[in-house]
Structures are given as structure tokens and as C-alpha cells.
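Visitor: Each chain, letter by letter, is given below.
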Amino acid sequence: MNPSPEQIKKINHFSKLPIDMCAKIAAVVEIDNCPVKEELLTEGETGDTMVLVFQGQVEVSKSMMVKAASGFTTSRKSIIRLETTDPPPAEDPISEATVAVVQLPAFGIGEFSLVLDDAIRTAHVVATTPVQYGILKLDEFSKIVEENPAIGGPVYFEVAKAAVNNLATASQDISNLTQAFFFSLTR
Amino acid sequence: MSELNQPESGATDDLSIDKLEKVVETNKDLYDELNKLTEVEAVEAYDTGEEAAAAVQEEKKAVSAAFLKIKNIYLDNDLFRYAVWSILLMLLSTTVLTIVEYDTFRDSVSGHLGKDNPNFFDTFYNTFWWSVVTFTTVGYGDVSPVTHFGKLLSIIIMLLNFGIVTLLGGAVASVLVAERLKGDDKLDESKFNGHLIIAGWNPSVPAVLRILQTDKNSTSVVILVNETDGELIERAISVFEDLDITHLCENFTNETVLRKAFLDKAGMFMILPDNSGLLPHEEPDEDKTVLTCLTAKAISEDCPVVAHVLNPENVSHLQRANVNEIVMPDEHVPHLLAKHVTNPGVPQLFDELINQEEDDKGIQQVGIPRPLMGQTHNKISAYFKFKHQWLLVGYAIRKSGFSLEDQMGESGSPLIRDMITEQLEGAGIKLSSDEHVVVEINPPDDYVIDDKHRALVLR
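Those protein sequence lines, which keep their order, are chains U and V. Numbers 1 to 187, taken from UniProt numbering, label the letters of the first sequence in order. Numbers 1 to 459, taken from UniProt numbering, label the letters of the second sequence in order.
The shape of chain U in the complex, shown without the other chains (with noise of 0.2 Å):
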């Protein structure tokens, strides 16, 4: 089953297409389940899909190397929820947030799939409730761009700002992490 236009609308990337423009992306999305603690997206891996979540609550977390009484061991932080309101998810997330949950009408994770064909996931996207979500193909949207140029400047508008975002968030992070190891050099 394809979702909505009206679904894809909710989704920030596509807010600011035309509700046509969303029934062509609509037209190559099919809408599937994911049940409680599934992962959508796997750290490390690469793809070429977009997941679109347009019913359910989704954790976001990465691997992290900390030092531990053992030594050093691999450890998954959640960095945050995202959760969809308009539905809101049909059940109860299955243990309590430990980090800001962000609510949005629908959302999408991957983004940066709809530029590049080998895009590493950055972070693992686990399922904390049951999810209805649907898959954007890069190769489906790209011919749907070529087809229809209009639908490429707002979509790629937003991947551009997700992207310069996540490099300031990154630059401000190597500055920490400098300041931190020089810090610690001193102590």
C-alpha cells in the first residue's frame, strides 16, 4: 500500500512540494511495518534508501568507544527520540527516554541517502514502539527529480541544510574534543 500525498507533506524534506508533486513520491513509497526494538538503520552501513516514518517512536543512537572498569568496550548512547504526532504512535515507547524525545507530524531519517548511492549511516535508528514507515529509493526519486526539476531545489534545499548543520555540529565537536585533549595532557 502507498501512503498519502498527504503523509509525504508531512514529512519536513517534502513540506514545501506541491500536494502533486508528493503524490508522485507517494506513487514509489510503500508503506510497511516495523515491530518494537527492529532496526531501521544499522551505524556504519551504507544505502540508498530514505526511511519515512509516518506512525510510531524511533530511537537514535551511536556506538562509542568508553573506558570501562574492564577496559576499553564498545557502548550504544542514544543520542534522541524522534516520535510522529500526527498519528501518534499506537502503543507506549517500550522503556522510558533517557534523552529529549523530539515530536514531529512525520519524519524522515536517512536523508542524505537521496544525494549519494553509497551513504553511510551515521547513527542506528531502532524502533522503541511499533513503526509504519515506507522506503525512498535514490534511484525512484532521482528519475522522479529528472522528470519533474521543480521537486529538486526545496527537497535538496533541506538535505543541504541537514548536511551544513551536522558540519557545524561536527566542527563545534573537534573543537571540544581538542580543548578536552589538551586539558587532559595538562593534568
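No lab work stands behind these hints, which were simulated from the structure alone.
What follows is a list of derived Cβ distance ranges for each label pair: (1) Glu410/V / Glu39/U: 26 to 32 Å; (2) Asp446/V / Arg76/U: 54 to 60 Å; (3) Leu104/U / Asp445/V: 52 to 58 Å; (4) Glu331/V / Leu177/U: 34 to 40 Å; (5) Asp446/V / Phe182/U: 33 to 39 Å; (6) Glu45/U / Ser403/V: 34 to 40 Å.
One side only, chain U facing chain V, incomplete, derived with CB under 7 Å: (7) Lys77; (8) Ile79; (9) Thr169; (10) Gln172; (11) Asp173; (12) Asn176; (13) Gln179; (14) Ala180; (15) Phe183; (16) Ser184.
In silico DSBU-like links for lysine-lysine, alpha-carbon gap of 35 Å or less: (17) Lys288/V / Lys67/U; (18) Lys430/V / Lys62/U; (19) Lys430/V / Lys399/V.
Glycine residues also receive a C-beta, built at the ideal position from the N, C-alpha and C atoms.
Chain U is fixed; fit chain V onto it per the hints.
Guide: Positioned in the frame of chain U, the structure of chain V alone reads:
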């Protein structure tokens, strides 16, 4: 004011008498302006008001400190506790027996003293005599209760007395045995708070103590930790009657010794080159200074540590050990020598300032009245000049140390920030460096003063 600070060589040609008068006039105007400020009126009120309030506060503090001290002694000292109970029981039994056996004890007084009508206090005193004779198990038997009720009370008192006197005797014995076993090295904890600990012994220690003795604002409680012979130290410190000095004859690099000196409660820890046990030609081992600094910071991050080193190579080690201040007296020598050539008089001035040992003379650090916070340097300077006749030289400013958390703020991703914090804390690395003091000398007139500033004045 700053114009007057111009070097003489540059000033003679350009500065006319008119200009000088103008500068003097400006200073007068500044003080008049300052007097118009409501803040200065507040300072006048503040000075006297604060002194009175401080005196009352001080009195309250002293009373509560005395009560606290007695309470601590009662709780910690078995001997004191049993002695208190013994005295209370004696007074109680005296009171009860005086009431119950009044006639018997009164007759006994008249029998012994030949008084026809002994008063209440004679009788009470005679009963107290009986209590003490009974409690100490001497039992002269010169006077004793005669009524059944009086004898019954005496039996109860004697049985209670048996228990308490036994405990008291045990406490006396245990105190004597404990003193013999541990020597005299356990310090009275209640005395030590905000005290100064000086680790190491060399000829500069008596000089430091002499200056401390003249300064009424600094602590008078000092612990000397070194392995120099106790008698030698006793002789050296006997002249400092106003200071409460304790000598711990132990190795100051040892953590247990520093804890025994209550380093965690100390106001300042000073590490000096230690000449203990050295021959005159031998150099002190400065590795001990670095090691002691590391140990001290492991015990208490917050206790300020001042280290005196002779070898500049140790400065970086001490900085790594997180020492708060490093004193290297010899580093001034080349400057002083050179100034004898370039600016004759400056080294003499320096000597004069630094060697002033009178309490109210020389360079001193004083507080700035609160209402003047937020004012500019020229106003603070005028305040000290015209109110106290002191010359404001500069400011000692407490700078809070570098804080990694503040530095990172909200920048970057929270995940990375949390990871940095967790990992550094897990590795025992404190995320901020200690507060330290920096000096601002003769700042511009419009330099603004805040509550981190203390004035450095020449009195």
C-alpha cells in the same frame, strides 16, 4: 593622576607649572565628584555599621564555638564525660540528702563547728562533704544519714556511685595507657580549620612565622611538618608567642602525615625546601616538593598549595601537579641587579616595600567597600587616598580557573560533550582548574572594579 606617573625624563620639558596645577585641580575635582556619589555616603555608613555588626557576629560566633567545643569534648572524651556525671551525681545526692536529712546534717555542723544555728549553706556544704567522702570511698563516718528514707537514698547513691567511679577510674587508666602507647602525636581536630601547614624546614621558616605573627588578619594556627629535631624547632618557635604552632616530626611526603595535619581543612599548604637532616653543603631534595604537592592535591583539590623551589626545572613538574602558586626567590635577583644600573633607587624601594614588617606599613591587600563595586579605578584610588591616605598600587584579582564545561557550553552535540565529561571524570581528571590570583598594577582610570578585586595599597 596618570600624568603624574610620567617618567621624570619625559616630563620636565613638556610639563609646565600650569599643567601641574591643572592635574592637582583635576584630582581635587575628582574627590569632590566622588563625594557627591551616594555610594560614598553609603561607604561611610557601611564602615561603621559593618564594624558593629561584625563585632556582634564575632561575639555570637565565639559563644557558639565555645559550646560546640564543650559538646565535642563531652562526646569524644570518656574521662570528661564520666567526670561530668560524677559531679552531677554528687550535686544531686547532696541536694536530695540536704532535704531528706536536713536535721541530721545541720546537727552535725553545729556539733563540729560549735555553731548554734548553722544556716542552709553550712548544712548544704556539710552534706556535700559527706557526698565527696562517700563517692571517693574514703568513708570517714563522721556524719551519716539516720532516717530509713535517708539510708535508702544513700544505698541507691552508693550503688550508682560504685558504677560511675568504676567507669571514671577505667577512663583515667585508659587515657594514661593510650597516651603512653601513641605518644603525643594526635592533634586536637577542633583547633584546626583554615590553618597554615608548612612542610619542610629551612632558615626562611622563622622569617615567615615572624611576618605571620605581625599580621592580625592571617591565621595564627600553624602546623610545621618536618623531620628536624623537635628541640631545635621548639627553640626556634618559642619566640612566636602569638602563634599557636604545632610541630609534627614526620615525613611530609607521607599521605597519612598530611592527613594527620588536617590538610583537608587547611587554609593554605606551604611546601619549602627541606633542610632536615642535611649537612650545610648538601642541597635539599626538591623531588620531595613535587611528590608532596601531588599527595596534597590528591587529599584535597581545594586546599591552595604554595611551593618554594630553588631549581627552575621543577616548575613544570609542579605545574603538572596542579600547584596554585610557585615561589622562586632567585628569579628576582637579575632584575634587581640590573635596576641598580638602569634605575638606581628602584631596588632600594623594592627592599623597603618587601621588608616592611610593621603591621600597618608597606604594601598590603585590603578589601574594597561593597558600595564601590562597579566603580572605576580612579574613584577607588581617590577613595583610598583621601579617606585613608593610602596609595592604591593595583589589585589582586581572584580569577576562577579554566572550566572545560563552561568552555564547551552548549556547542557541538550533547553526546560528545557528555562523553568528554564522563570519560575525564572517570579518569579522575577534574574538569576545571583551581582559582588563582592575578595582579593588575596601575590600571587605566576607567578600569572597572568588581567583587573579585582586592586592593593592593601602600600604607
